[in-house]
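Chain D is fixed; fit chains B and E onto it per the hints.
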Amino acid sequence: MTPVAVMVGANRIVPAAGIIHPLGNTDLSPDEEKALRRRIVERALEALSADVAQPTVFAAP
Amino acid sequence: MRLTLEWSDVGEIRAAATTRFSESALEIDVDGLGAQLAEDSRLERVRIDLVHPGEPCRIGRVFDVFAPRAKVEGGPDFPGILGALDRAGSGRTRALAGVAVVVTDQEARSPATLALIDMSGPGAALTEFARCHHVVVSAWPAANAGRSEYLAATRLAGLKAAVHLARASADRAPDRVEVFDLPPPTRVPAALQHLPRVAYVFQIHSHQRPTGIDEGILYGDPVRRMLPTLVHPNEVLDGAVVRGFMGRNSTTHAIQNHRVIRALFAQHGQALWFAGVVLTVAQATEPERVRSAAMAAGLVADVLGADGAIFTKIGGGAPHVDMAQAAAWCEALGIKTTLVVEDMSTDGSSEGMLLFNFPGLDALVNVGGSQESLALPAVSRVVGADDLLPAFQGPLSTTYSSVCGAIEQTGASRLVAVVQ
Amino acid sequence: MVRVVCFVNQFFGQLGGEDKAGVEPDAVSGAVGAARAVQQALGDAGSVVATLRCGDNYAAEQPEAAIARMVALVAGHQPDLLVAGPAFQAGRYGVACGELCAAVQNQLGIPAVTGMHEENPGADLYRRQVYIVRTGADSARMLDEARRIVALGLKLVRREAIGSPASDGYFPRGITRNTPVAETAAERATAMLLAKLSGRAVTSEVPLPTFAAVPAPPRVGDMRRATIALVTDGGLVPRGNPDNIEPLAATRFGAYEIAGLAELDPARYDNVHRGYDTTYVKQDPHRLVPVDVARELERAGAVGKLHEVVYSTTGVATTLAHSQRMGREIALKLKAADVTGVILTST
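Protein chains in written order, with this note's numbering: chain D, 1 to 61; chain B, 62 to 481; chain E, 482 to 828.
Straight line, CA to CA, 25 Å or less: simulated PhoX-like cross-link-like pairs of lysine-lysine:
no., chain 1, residue 1, chain 2, residue 2
1, E, Lys816, E, Lys786
2, E, Lys786, E, Lys814
3, E, Lys786, D, Lys34
4, D, Lys34, E, Lys763
Derived CB-CB ranges, DEER-like:
no., chain 1, residue 1, chain 2, residue 2, range
5, B, Gly359, E, Pro544, 55 to 63 Å
6, B, Leu450, D, Arg39, 53 to 61 Å
7, B, Ala252, D, Val52, 55 to 63 Å
8, B, Ala252, E, Arg639, 51 to 59 Å
9, D, Ala60, B, Ala231, 53 to 61 Å
10, D, Arg39, E, Asp724, 27 to 35 Å
Keep in mind the hints are simulated off the structure, nothing from the lab.
Beta carbons are placed, not taken as given, at the ideal position from N, Cα and C, and that holds for glycine.
If we strip away everything but chain D, and leave its shape as in the complex, we get (with noise of 0.2 Å):
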């Protein structure tokens, strides 16, 4: 739901890994989901650290 975050005009957005499991994937096992989640909040803190001037978005690294 990027587009929707970027027209109401969140300043920072982190592409998640789906609707139904932002911060999941049941397709992984518990560790590697866990290292999933870590890299995404990771890129939020990432994202909170940056300058910006307008909608961002932070695509996965």
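Below, chains B and E without anything else, positioned relative to chain D:
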């Protein structure tokens, strides 16, 4: 591909010893049909009620509605779901007007999400379903039937009933005949090559709720992770596509009588060349959504070579955005688009109508706002929802989304949300 | 015979110009000044029983007193309809017209109608609450404008269906109403596409939304000293949903303590969101609110502190108004707790 629909107009329905036509009345062997449908081991009990337009009657727990159709030539009925797997869309199919099959969901724990049909009063004015007779099939799950199995069995019962009714017309002369004849998009006669080419992008399912294994949608396939694909419009009109188990503001009946496809056929060869139908599903993750949008746009632009496309969706907000992304991609490729959307606001404010604002998507048709409140009066007869009595008898304070057929996402309905 | 009370300012009430802009409200019998155009437009259908007048400055500087006195004057005449203005481009006058119409509607239950130019600030301020007829910039065609205002006013009195903004000439009120239409959406869409393909103008049935840009807050300077909060609109609630957060069209959010918790125990949480399949986030709430990973990052020093409260609501069919309000309320609480950054998980 050439499909002939041979229509019989039904003016009256009544229970009788055998299912047959008597003038324009359809007599139905309700007991025999019920017994036949109850043979499905996933169902425990089947009840059939007959309901007529104008009655102060409310049909409740509506799960889906089916148009009676039976193939007489050109393959089996509803291939992949009822009939053997084969192609749909050619030959001759018998069709009944004036009567439909309604199946109810007797198991849903929150029946508020299911639809109703009022056969008279203000609710009736909102839907075409109030103007036809209904054979209402209510079935209860067998003890060991899971939810998905029950819904699959219920839907199958509806399809069987639909075929049973239409088959009764096989030997009589049809009242009217419609021919849907469309060559492949590559074979345009020279004289018609100047016509604008129009495609229809048909979103047939949304993965907000993943499909069950027995939840066939396209030739019986549950379309999990389906990538955009092409079909001939006749296939949609002739039973290749049915609605899944998620029923918000759409019915299989509307797909069988697909109004966008029919409208494009009506103009085909005159104002436009009907270039084809792209089927999509609304995806659940952003990368899948982008892939689907890109491929759908590619099919429209580079395979069908369309100049314009009409889009519809099924479901709620995420499919709404999914459709818009595909359309925006088409616009970026120079294809003009028109989208059929729903008014998404929940407080009647015009700011809440749309969830997206993509450049170029300036031609929107809306099918109304399902969250707008609606008051329905008390009725004297309730069918399909005995367990919801006495409250369900009314008066009811509900919303437009509860009236089956009032807001129909493939464009069959006649309500529009006007900004005032 | 419809009883009408008119409201005009000092100029259109023939009291004077700017020099009389401070006059306090009064009422005179019958139609005076611009109200005579309203009477003419009414013809035999109605009678202007009184004309209220108020100076623009008095109305602008003492709005509460002015409105209170004028509402009382209107009540005293027991009209069926209030017609205010038209105010054209006069800003103080337009605002007073809108305010008075809104007050009379709300407090007296009497239908009201006014008219002004689209650039009049009163139009944007009051068009959602009051029927405001679109007029020209000045009184050059006063009678014409009066006719259109009266026509709409009479419909309100008679409780007749009001047409679209375009057909009845008023500013869109931003309300949507389901209306029967002869052609199916499919037919309208086909016609619309054909028009678009041939380059003809198309009138979309949905206005495109515009959202005000939100100035981006400056970046978090030193993440290792920052307090980061987790917020979600994915419907996480403690088991039992003690705050009764609605599964649809939420108006409430919850504040849930996570102090001392390294993880969220799925047995203690539930999810009420109706807009997606919540099976997976119920199995493991971290798939929605990443307390486990955030705690690890806190322990590793990558983040100064994980805020002790998680804020949660359901973001399905939530109105824009409630979303904005809840966002503001949560933000104020977070600011008061010295939180510098938020990770909001949205489904």
